[in-house]
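Enquirer: Quick mapping for you: the protein sequence lines, in order, are chains A and B. Read in order, the letters of the first sequence correspond to residues 66 to 441 in the numbering used here. Read in order, the letters of the second sequence correspond to residues 93 to 322 in the numbering used here.
Since the hints were derived computationally from the structure, they do not count as laboratory data. Please read all numbers here as calculations on a predicted model, not as lab measurements. Just to be clear, a hint being listed does not mean it is correct.
[What the hints assert, rightly or not] Over 10 Å on every C-beta distance to chain B, these chain A residues come out as not near it, computed from the model:
no.: 1; residue: Arg118
no.: 2; residue: Asp322
no.: 3; residue: His389
no.: 4; residue: Thr433
[To be verified] Computed footprint of chain B on chain A; a stretch qualifies when at least three of its residues, placed anywhere within it, have a C-beta under 8 Å from a C-beta of chain B:
no.: 5; region: 147 to 161
no.: 6; region: 182 to 188
Where a beta carbon is used, it is the ideal one built from N, C-alpha and C, also for glycine.
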Amino acid sequence: MSISVSISHQIGKFALDADFSIEEPGITALFGPSGSGKTTIINIIAGLTRPRRGRVQLGDRVLFDHARNINLAIRKRRVGYVFQDARLFPHMSVHDNLYYGAKRNRLKLPASDQQDIIEMLGIHKLLHRQPNNLSGGEKQRVALGRALLANPDVLLLDEPLSALDQARKEEILPYFESLRDQRKLPILYVSHAIDEVARLADQMVVIDNGKTLANGSVFDMLGRTDLAPLAGQFDTGTVLPARVASRDPKAQVSFLDCAGQRIVVPYLGHAINTPVRLHIRARDVMIARTPPAGISANNVIPVTITRMAGSNNDTLDISLAFGHDLDAIHTGPTSDRPSIHARITSWSANRLNLGLHQKVFAVIKSVTVNGHLREQ
Amino acid sequence: MITLTPAEIDALLLSLRISGVAVACALPLAVLTATALALGRFPGRFILDACVHLPLILPPVVMGYLLLIGFGTRAPLGAWLYETFDIRFVFSWTGAALASAIVSFPFQVRAIRLSLENVNHGLYQAAESLGAGPIDRFFSLTLPLAWPGIIAGAITAFAASLGEFGAIITFVSNIPGETRTLPLAIYTAIQTPGGELAAARLAALSIGLAFTGLLLSELAMRRIRKRNAS
Chain A
66 MSISVSISHQ IGKFALDADF SIEEPGITAL FGPSGSGKTT IINIIAGLTR PRRGRVQLGD
126 RVLFDHARNI NLAIRKRRVG YVFQDARLFP HMSVHDNLYY GAKRNRLKLP ASDQQDIIEM
186 LGIHKLLHRQ PNNLSGGEKQ RVALGRALLA NPDVLLLDEP LSALDQARKE EILPYFESLR
246 DQRKLPILYV SHAIDEVARL ADQMVVIDNG KTLANGSVFD MLGRTDLAPL AGQFDTGTVL
306 PARVASRDPK AQVSFLDCAG QRIVVPYLGH AINTPVRLHI RARDVMIART PPAGISANNV
366 IPVTITRMAG SNNDTLDISL AFGHDLDAIH TGPTSDRPSI HARITSWSAN RLNLGLHQKV
426 FAVIKSVTVN GHLREQ
Chain B
93 MITLTPAEID ALLLSLRISG VAVACALPLA VLTATALALG RFPGRFILDA CVHLPLILPP
153 VVMGYLLLIG FGTRAPLGAW LYETFDIRFV FSWTGAALAS AIVSFPFQVR AIRLSLENVN
213 HGLYQAAESL GAGPIDRFFS LTLPLAWPGI IAGAITAFAA SLGEFGAIIT FVSNIPGETR
273 TLPLAIYTAI QTPGGELAAA RLAALSIGLA FTGLLLSELA MRRIRKRNAS
């Protein structure tokens, strides 16, 4: 099921011009700072907001077309919407909430699929409870189940984790991961948290100030330094595909292979050869002129400096391509070598006398690497 | 144990019947009006709002007078109802019920409207995205969520119509066993020489009824608050 959105809308002085399409199933993150228009875009897809102009298509169904005066009713759009605040019906049990949409839909999921969803979300023990007595995380899981049981053509998630604390987020994230891996359903995930996006999303649409700046795979988008300022001062980073090479449950570490480079991370449950996704934040990467000895950091990676840019007066964002065998000619942005970013102070760059094409070592502490994620 | 006299029982039962019929007949209309005022956006909403509240600010005697003008057997509407449906309001307990219904209508609408406006509008969006149409949403969300408000409104209206005096005595007079409700019976007792004790007994009965009504309405309101706290 593909989605294509090409709309323009005006709210007061705020102009929204969104233009993107998604061909693949899986999670597409609508990423951007607060107030950039992300939620308005999914409200337009759901039909909650009517845009001034444009067109929204879901598969072969036109949901909205200003030129042809088509504006499909919300209830006929077959979109599953999970709101920031869950919006469970307070007078119904969890069971009745879950089946509210399913009962009203002609294209029902088979009962076995419905059971699978309820079990995948771990809410089968909550069925007879009232929403008032659920925790925030449980509410969001029920809201997600309610949307899924209605058998939608697309799932819209509006910052479903933003109202939860870190512990509750960690409780829910695995459900989103299994959702992404098990159901062939396009999912639009609104978020301004780069960690969530790096962990969950396959595709990414970057939005700023009402405009869609770029869209593509998460790996490409997060590696683009021109978009980095949007990720926030402290969360700029890189997402790299890797796979589990070996693991040592006794020592509680796993060894990942990332383009031939061994990377040590805290122990992951995943089996050997499972593809995973590494999220390395720029502020967690150190640069050394020589391989440091007697250091606790487990990962010392030979890299070559391919780009140096000041993110502001006192810090530098440095792009580092894997390997020392790169010729100066091949170190342009087109290089297909995986590269990571380091954010260091300008003072430290001067002290080390760092320059373009220099061969250095990236030092990364294992505990700063998020490697939880399985890819499809 | 204090036993009630037949006349007192008559007045009590008549009061309960008139108020009960008044509230029951007005309730569906009150729900509709409250829904329109709380959720509807239409021209003339302000005028409807004002009309609903009119009985609250008009003197009850004026209400009774207007009813007499409109529903008297010689008035066009009253004559038509009498000739076509054999419905007569004047000097009959049904007329007292009509007067009570109109006078207590604003109380019902206000309570129901309040509970409707308390419903998180986002719930309707959620229901709509799950495939529920407007009528479906009304019965699956609006009504059950407003239920405590409907109960509270009905109880308040019931209590208010138990106390109605001016509109009833003006419209349908003071006929024992037909239109002599508790307040009218108290009034009659006071007008009668040596009727002080009878008046006191009836007054005590009214006070007991009022307290019961207030208690029930408070319980219903607590349920609303508890639910809306979610």
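Enquirer: Hint by hint, note whether the structure agrees.
Expert: Here is how each hint holds up against the structure:
no.: 1; hint: Arg118; verdict: 23 Å, holds
no.: 2; hint: Asp322; verdict: 43 Å, holds
no.: 3; hint: His389; verdict: 54 Å, holds
no.: 4; hint: Thr433; verdict: 38 Å, holds
no.: 5; hint: 147 to 161; verdict: holds (count 6)
no.: 6; hint: 182 to 188; verdict: violated (count 0)
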